[in-house]
Amino acid sequence: MGQQYAGINNKYGKKGHLYDLSAKLLSQTKGSFIVICLENSDKFYFLHRIKCNLQTVCKDMGWTIVHQQLFNRDLVIGMGLAEKGMSDMTIFRTKNEDIYKIWKDILHFVFLGNGLPNIDYFSYDTSFIGQDYAHDIEYYYIHDYYPLTCKQVSHKARQVRNTVYAFKDGEKSLLWAKVFSVCISKLSCFDAIKENAVLVPIPASTKKAHGRRFTRFCRELAKRLDIADGFRTLWIEFDREKMKGTIGKNKIENLTFNRIHIKGKHVLLVDDVITTGTSLVQIGKKLLELGALSVRGVFMAKTVRETEMSV
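Numbering (the UniProt record's numbering) for the sequence shown: 1 to 311.
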């Protein structure tokens, strides 16, 4: 291919885990490309020749492509979610320095200058923004969720709605598993509970909805976190009416609990949205009764009550 302009620009120097990942990406990617990871972000942005294998290498490294499309006849542009802490770094291989500068400017213009407005249909935040308790059960959530009863909402709030709906429908399961894995891995408690942790989804109202929403998601998230997949820990014996947001009803009467997957475990309960916290509390208390060492909830979003709405 002749002489090329290639390298890794970062603030870490030529050592450490993040540099090793960058070097792996550079060595295994064939063809011309540029990858930019911005400061304080788990996102990465890329531009590459059509015949470049960058996306395959990213997938092998556990990085998730969120969006990609043709920029022109020869180039593909897109974004994804990378390794936790992979920020303020540029990895590249181009024909010469001039092309490198042009491609870098293109990425900054497109992604920081809103050159691809359709790319932000969803929200890809990768940190929990809130932590709270429902009775004595601790839980975390990634987004604030404004229900449809709130008509005047921001663009960000609409993104979150789209994200929640996609999660509920079982769409983009691998992407949301990546998002949750990054969020959970940042929790200060995770390293201490990881060895005996099990991921358990809070059941949907029907068997069909539960399977669609959680089967693939839980398998992928448990794999990324290297913990047990507890998809079958709670079994739906019969479908029930939707009771999201209700208080005072028994939400576990249709569930069977598999004690083998619970006793001596740190349980991470996962679901789309927490509103009243009733399901979290009822299931959490039952899990503790059956021998769970601890119970925590992790949610895509928390419903903002009408009295709290300011958007």
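Warning: the hint list may mix true and false statements.
Unchecked claim - As a list, the in silico SDA-like pairs of lysine to any residue whose alpha-carbon atoms are at most 25 Å apart:
hint : residue 1 : residue 2
1    : Lys-104   : Asn-72
2    : Lys-24    : Asp-132
3    : Lys-194   : Arg-224
Quick caveat, the hints were computed from the structure, so don't treat them as lab data.
Q: Please flag the earlier hints that this structure goes against, numbers listed from lowest up.
A: Result: hint 2 breaks, nothing else.
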